[in-house]
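Colleague: Each chain, written out:
4 protein chains.
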Amino acid sequence: MFPSDQPQANYDDPFHGMKPKIGVMGSCSEPISKQARAAARSLGEAIARNDCVLITGASPGLPYDSVLGAKSLGGLTVGISPGLSLAEHVGKYASPCQGFDVIVYTGSGLMGREVENIRSSDMVVIIGGRSGTLGEFAIAYDEGKLIGVLRGTGGIADQVELLSRICEKETGGHIIYGTDPAALLSDLLKYYRTVHCANPSCFS
Amino acid sequence: MFPSDQPQANYDDPFHGMKPKIGVMGSCSEPISKQARAAARSLGEAIARNDCVLITGASPGLPYDSVLGAKSLGGLTVGISPGLSLAEHVGKYASPCQGFDVIVYTGSGLMGREVENIRSSDMVVIIGGRSGTLGEFAIAYDEGKLIGVLRGTGGIADQVELLSRICEKETGGHIIYGTDPAALLSDLLKYYRTVHCANPSCFS
Amino acid sequence: MFPSDQPQANYDDPFHGMKPKIGVMGSCSEPISKQARAAARSLGEAIARNDCVLITGASPGLPYDSVLGAKSLGGLTVGISPGLSLAEHVGKYASPCQGFDVIVYTGSGLMGREVENIRSSDMVVIIGGRSGTLGEFAIAYDEGKLIGVLRGTGGIADQVELLSRICEKETGGHIIYGTDPAALLSDLLKYYRTVHCANPSCFS
Amino acid sequence: MFPSDQPQANYDDPFHGMKPKIGVMGSCSEPISKQARAAARSLGEAIARNDCVLITGASPGLPYDSVLGAKSLGGLTVGISPGLSLAEHVGKYASPCQGFDVIVYTGSGLMGREVENIRSSDMVVIIGGRSGTLGEFAIAYDEGKLIGVLRGTGGIADQVELLSRICEKETGGHIIYGTDPAALLSDLLKYYRTVHCANPSCFS
Chain H
100 MFPSDQPQAN YDDPFHGMKP KIGVMGSCSE PISKQARAAA RSLGEAIARN DCVLITGASP
160 GLPYDSVLGA KSLGGLTVGI SPGLSLAEHV GKYASPCQGF DVIVYTGSGL MGREVENIRS
220 SDMVVIIGGR SGTLGEFAIA YDEGKLIGVL RGTGGIADQV ELLSRICEKE TGGHIIYGTD
280 PAALLSDLLK YYRTVHCANP SCFS
Chain U
100 MFPSDQPQAN YDDPFHGMKP KIGVMGSCSE PISKQARAAA RSLGEAIARN DCVLITGASP
160 GLPYDSVLGA KSLGGLTVGI SPGLSLAEHV GKYASPCQGF DVIVYTGSGL MGREVENIRS
220 SDMVVIIGGR SGTLGEFAIA YDEGKLIGVL RGTGGIADQV ELLSRICEKE TGGHIIYGTD
280 PAALLSDLLK YYRTVHCANP SCFS
Chain Y
100 MFPSDQPQAN YDDPFHGMKP KIGVMGSCSE PISKQARAAA RSLGEAIARN DCVLITGASP
160 GLPYDSVLGA KSLGGLTVGI SPGLSLAEHV GKYASPCQGF DVIVYTGSGL MGREVENIRS
220 SDMVVIIGGR SGTLGEFAIA YDEGKLIGVL RGTGGIADQV ELLSRICEKE TGGHIIYGTD
280 PAALLSDLLK YYRTVHCANP SCFS
Chain D
100 MFPSDQPQAN YDDPFHGMKP KIGVMGSCSE PISKQARAAA RSLGEAIARN DCVLITGASP
160 GLPYDSVLGA KSLGGLTVGI SPGLSLAEHV GKYASPCQGF DVIVYTGSGL MGREVENIRS
220 SDMVVIIGGR SGTLGEFAIA YDEGKLIGVL RGTGGIADQV ELLSRICEKE TGGHIIYGTD
280 PAALLSDLLK YYRTVHCANP SCFS
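Chains as they are written, first to last, in my numbering: chain H, 100 to 303; chain U, 100 to 303; chain Y, 100 to 303; chain D, 100 to 303.
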């Protein structure tokens, strides 16, 4: 518990005694390039290696490649499901459950659960992606989150510079670009610890 | 109540005995052009004149100009608030309450409430807009809604053609462009009645 | 809009320029007594006659009897649906849509939507009811709402005195009992205007 | 991933390759008896010892005693927060963050987050409790969950037999009573594995 009733920017302990939470977003269905899949898996491995927690929308596709990568190294993985139950998760949304330490059932559908996913992540990383990922980028940017973008993975990831210009708005959101998953994660963690932890979102 | 337990595409009664619900989305804070404000107000008036219900995120700015326009002609207006209560709506989110027949308190914040707003609208119209509106477009498009865009109002509205190309995905979402608010609403209602009512969203 | 950024208890205008919102809760499925159905319908009529807005969980049963009562006198009716869409509302939840001016789709299921229903109502009235209504009473009481109870309608309504003793907690919630729907509504409106508007819920 | 698109009751693997998730609910504020606190802590220890995941509403009080118990033995702990962010969690809701492996931010307030908490738990255990816990029992019972009750811990826990009679409804919910935390958990796990996994909730 905090001694005072408001968490202060704490550069000695920017994660307040908890592990960093990394959200991973990207294409959930084909077509997905082999390169993007490999990047997603490497990112999951880097998340586990850095003792971070991986959060995804519990979907198949690129976010699940990250889950499998993190799990292969014993990382902790959380899925925020669009469904109201495991039965809906698997049946209605055709989504996987193996490899998740926890699945939280929101019932709020494809995009609704992403809002919760993004808020529960200290920072989010975008790989590839189409319309759903466009929404995730916009939500994260509008709510002032720290965002990592894996360049060269196609789709939305390769349009983020354009998109951030289109937004024409200072939201507190900050974007870091990279091509190597492990190096990007390292850059994100460093920026969060030294700068972004002072204002992690519009709700801080 | 429906005679069978699944609503069927019903071209004779595409709104199932209810009034059409029109969601209006766009910039909530300055800078907003006079032209965009006039368009938003005209759209609100057209919504009331066509006996439709106006739904917004209960924010200030362009959506509120539509509320004032609809209300000036006795239209029915609904706000889906980011706050948990009127006190949060007015205090935490600096949002108006006068002019709304109903405000629904979601507590789900700026982007969370937009998901519900979009789902509760039969179709949505985008005017101007920045990062929040980008998210709203992406949510509506990803969930297969009918979307109207008021060209010439700046911001996101004037980037939707580009954005829909970037999405690279068939979602069932359909976009209709226009410059005159009343004519755009008329086109949207016609398309919904003749085509889109068969598959109003990804949850139908 | 309010001149200051916090809504103040305003005994001259306790509803802040809006119509009072009355939530109605109770049994959604058989067995339901004829007496309870008549009371629910009378309550809906009284809500319309007093120019209030009726909010329900958009279910069948007693709350829908209130909707039909309110609608017979031209009242405004709002349903907060457990489903993500009209198709889910009608198909998955076997719920009616005719008679509602607006249905808001939450996707949050049977109990999730009740939380939003309660927060969006200035006061709630309980008629009959079983386990779902027990939850609704507990949510409303725990969040400090004004609650009306129609005695003699069976089920939860006739156990509220016992239940409030079991809760053993001062929450700001206040309960008013009555047997005549119109008189109960009148008592609730008077208490809200003179006392409860100062602290309408735990989120004010 | 499942081979077919509906999860089947699988008596060989009732948790579908995941660890059992146990929700713990009870009083969040004083007065709380020493006995109830000790029971909550023991329950947390038993959850960790049985390699289950503990889920709470991330509140202080009895659920947090379970978190500390589980954590003392290296168990995995998840909090579903009423707030939109860590800042709201700690500031607005005066809730702890240390000891949680993951905190999910719902923004849906005191009772809203409990709905998600309950859905994400395979079974829930009630200790002591007042109006909030009454709501949690009602939600869990109404949605057909498996419920454990720690007798002798006061408050709602000692009224559950009465409450389940008042509900007068077959929901699929099943209640198991006990006085020893470890034995109760063992009974719950056995019943889930042999019976309840076939119909874990109303959404299965």
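Honestly, I wouldn't trust all of these hints.
A pair holds if it fits inside one copy or across any two, identical chains being indistinguishable in the list.
Unchecked claim - Straight-line alpha carbon distances no greater than 25 Å define the calculated DSS-like cross-link-like pairs of lysine-lysine that follow: (1) Lys268 to Lys191; (2) Lys118 to Lys268; (3) Lys133 to Lys118; (4) Lys170 to Lys133; (5) Lys191 to Lys289; (6) Lys268 to Lys170; (7) Lys133 to Lys289; (8) Lys133 to Lys268; (9) Lys191 to Lys118.
None of these hints come from the bench; they were simulated from the model.
Colleague: Run every hint past the structure and note whether it holds.
Modeller: Evaluated hints:
Taking the closest pair of Cα atoms, Lys268 and Lys191 come within 25 Å of each other only across two copies (20 Å); inside a single copy the shortest separation is 37 Å, beyond that limit. For the identical chains of this complex, Lys118 and Lys268 are neighbours neither inside a copy (31 Å) nor across copies (35 Å), given an alpha-carbon limit of 25 Å. Taking the shortest Cα distances, Lys133 and Lys118 never come within 25 Å of each other, neither inside one copy (30 Å) nor across copies (31 Å). Taking identical chains as interchangeable, the C-alpha atoms of Lys170 and Lys133 lie at most 25 Å apart only when both belong to the same chain, with a minimum of 20 Å there against 40 Å between chains.
For the identical chains of this complex, Lys191 and Lys289 are neighbours neither inside a copy (39 Å) nor across copies (28 Å), given an alpha-carbon limit of 25 Å. For the homomeric pair Lys268 and Lys170, neither the shortest alpha-carbon distance inside one copy (37 Å) nor that between copies (30 Å) is at most 25 Å. For a Cα distance limit of 25 Å, the shortest separation of Lys133 from Lys289 qualifies neither inside one copy, at 29 Å, nor across copies, at 43 Å. Taking the shortest Cα distances, Lys133 and Lys268 sit within 25 Å of each other only across copies (19 Å), while inside one copy they are farther apart (34 Å).
In this homomeric assembly, Lys191 and Lys118 come within 25 Å of each other (Cα to Cα) only across copies, at 22 Å, whereas the closest approach inside a single copy is 32 Å.
The structure shown violates the earlier hints numbered 2, 3, 5, 6, 7.
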